[in-house]
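Protein sequence lines correspond, in order, to chains A and B.
Take 6 as the starting number for the first sequence in this note's numbering and just add one per residue.
Take 1360 as the starting number for the second sequence in this note's numbering and just add one per residue.
If you're looking for bench data, these hints aren't it; they were derived computationally from the structure.
Glycine included, every Cβ here is placed at the ideal spot set by N, Cα and C.
Keep in mind that a hint or two might mislead.
[Said to hold, decoys possible] Distance condition first, Cα-Cα at most 25 Å in a straight line; then the derived SDA-like pairs of lysine to any residue:
(1) A/K143 <-> A/V110
(2) A/K143 <-> A/D113
(3) B/K1449 <-> A/L139
(4) A/K145 <-> B/R1418
(5) B/K1449 <-> A/L99
[To be verified] For the chain A half of the interface with chain B, some residues (derived, Cβ under 8 Å), not all of them:
(6) V45
(7) D66
(8) L67
(9) E85
(10) L99
(11) I100
(12) V110
[Said to hold, decoys possible] Only some residues are given here: those of chain A computed to face chain B with a beta carbon under 7 Å:
(13) V9
(14) I13
(15) V20
(16) V40
(17) V46
(18) R59
(19) L63
(20) R80
(21) T81
(22) T115
(23) V119
(24) D121
(25) D123
(26) N125
(27) L132
(28) D137
Given next are the chains, with one letter for each unit.
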Amino acid sequence: MRSVIGEIVGGTNEVTVLDMEASIEHLSRGTIRHVDVLLVVLEPYYRSMETAGRTVPLARDLGIGRIFGIANKLRTPQDEEAVRSYCANHDLELIAAIPFDESVVEADRTARAVIDYDANSAIVGELSKVADFLMPGKAKQGGM
Amino acid sequence: MKIAISGKGGSGKTTISATLTRILARRGIPVLAIDGDPNPNLSLALGLSDSANTAAMPRSVVERREDESGKTSMVLTDSIENIIERYGLKAADGVTVLTGCRVEHSGAG
Ligand SMILES: Nc1ncnc2c1ncn2[C@@H]1O[C@H](COP(=O)(O)OP(=O)(O)O)[C@@H](O)[C@H]1O
Ligand SMILES: [Mg+2]
């Protein structure tokens, strides 16, 4: 089935977002060949950051051009600092720092998309910046 | 642009994939979101509740072919456009979501 995903990722869609099983070890070379941007999610605890840290050199070896970190579920300034310093030490550019966000929990509870639950939530704000960064030509003027 | 999201299980990949997808879609970009997890939940995170479990692509979208030298490979049995048309679900903001097949055992594809 991985080969199907690879073919489809390689299709002509303007933007394709691939939600992965976990790490890029689970992707076939056929899929990786088409990936332009890899976003690596890091939670502020050791095993999560280690998983991310292992992914980065692997992704570079596989030829993925643009690799960025996104910190998620940050509860304290110390959390953010931990992810920032991990990324700095592992040559990973951090492009977003998403707090632990009750909107996500609440949206989950009611089986809604978080953007439908609260378009002004912190996670939407932070990922809007990611969208600006990845597709600057499409940056939204004003708020989300 | 092809964007892949990785990270440890539970780190927020699906939440981030879905939210980024919807943000880009609201900017007028046609986005195809693909659930590559064998336990799919991306369509749910995109806001599609009912159809979340019904739309996985069947295994018949690929078949094993053998060339003259006996080498086998997996090939699509239909065009990518047709597969998206047939199995893609429409979510809010014009997003299309495609759910990969649940994998019964690794190495299957
Ligand atoms: N920023 C956040 N704040 C609060 N909860 C979050 C946040 N991001 C994700 N979650 C929660 O964490 C859990 C795992 O998220 P999910 O996106 O399914 O991770 P993955 O796809 O990496 O396994 C879910 O219950 C989700 O609601
Ligand atoms: Mg997931």
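For each hint, the structure was consulted:
1. A/K143 <-> A/V110: Judged against 25 Å, a Cα distance of about 29 Å means the pair is violated.
2. A/K143 <-> A/D113: Not satisfied, since the Cα-Cα distance of roughly 28 Å exceeds 25 Å.
3. B/K1449 <-> A/L139: holds (24 Å)
4. A/K145 <-> B/R1418: violated (39 Å)
5. B/K1449 <-> A/L99: Not satisfied, since the Cα-Cα distance of roughly 32 Å exceeds 25 Å.
6. V45: holds (5 Å)
7. D66: violated (15 Å)
8. L67: Violated: closest Cβ of chain B sits about 11 Å from A/L67, beyond 8 Å.
9. E85: Check failed: Cβ of A/E85 comes no nearer than 15 Å to chain B, outside 8 Å.
10. L99: violated (13 Å)
11. I100: A/I100 check fails; min Cβ-Cβ to chain B is 11 Å, beyond 8 Å.
12. V110: violated (10 Å)
13. V9: holds (5 Å)
14. I13: Holds, about 6 Å.
15. V20: Result: holds, 5 Å to nearest chain B Cβ.
16. V40: With a closest approach of 5 Å, the A/V40 hint holds.
17. V46: holds (3 Å)
18. R59: At about 10 Å, which exceeds the 7 Å cut-off, the nearest Cβ of chain B leaves the hint on A/R59 violated.
19. L63: Violated. Min distance 10 Å.
20. R80: violated (13 Å)
21. T81: violated (17 Å)
22. T115: violated (10 Å)
23. V119: holds (6 Å)
24. D121: With a minimum Cβ separation of about 5 Å from chain B (threshold 7 Å), the hint on A/D121 holds.
25. D123: With Cβ-Cβ at 11 Å, over 7 Å, it is violated.
26. N125: violated (12 Å)
27. L132: Cβ of A/L132 sits 5 Å from chain B, so the hint holds.
28. D137: violated (10 Å)
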